[in-house]
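Participant: Construct the complete structure from the given sequences, taking the supplied hints into account.
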Amino acid sequence: MAIERLIEEIKKLSPADRYKLRITLEAEDFSTSDIEASKQAAGKWNDIDAEKLIEDIYESRQYNPRRVEVGW
1 MAIERLIEEI
11 KKLSPADRYK
21 LRITLEAEDF
31 STSDIEASKQ
41 AAGKWNDIDA
51 EKLIEDIYES
61 RQYNPRRVEV
71 GW
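In full-length UniProt numbering, the protein residues as written are 1 to 72.
Fair warning: there could be bad hints in the mix.
Straight-line C-alpha distance at most 27 Å; calculated BS3-like pairs for lysine-lysine [unchecked claim]:
1) 39 to 52
2) 12 to 44
3) 39 to 11
Listed next, with one range per pair, are the computed distances between beta-carbon atoms [said to hold, decoys possible]:
4) 38 to 62: 23 to 29 Å
5) 6 to 70: 47 to 53 Å
6) 42 to 22: 20 to 26 Å
7) 7 to 68: 47 to 53 Å
By construction, these hints were calculated from the structure, which means they are not laboratory data.
Here the structure is a predicted model, which is why all the values come from computation and not from measurement.
The C-beta atom is built at its ideal place from N, Cα and C for all residues, glycine as well.
Facilitator: See the structure below:
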């Protein structure tokens with residue numbers, strides 16, 4: 001009974017979410033230290049200005065001296 005319910009819930013997932021679930025289930029077991037490291041990292045980027053970061057990334061791409069222009 002429980003397995004059928006799980007299958008029905010999985011069918012409701014989007015293809016992307018099904019893929020994420022499959023990858024998670026196929027992954028090796030997570031150790032306690034892995035979980036603790038994830039908890040410690042959570043929120044570390046909360047002081048980052050996302051809009052400024054995106055702006056800086058695009059600006060650095062635009063003025064990259066190694067960038068080669070292709071005139072097709």
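Participant: Now look at each hint and say whether the structure bears it out.
Facilitator: Here is how each hint holds up against the structure:
no. : hint                 : result
1   : 39 to 52             : 26 Å, holds
2   : 12 to 44             : 33 Å, violated
3   : 39 to 11             : 30 Å, violated
4   : 38 to 62: 23 to 29 Å : 35 Å, violated
5   : 6 to 70: 47 to 53 Å  : 51 Å, holds
6   : 42 to 22: 20 to 26 Å : 24 Å, holds
7   : 7 to 68: 47 to 53 Å  : 51 Å, holds
The structure shown violates the earlier hints numbered 2, 3 and 4.
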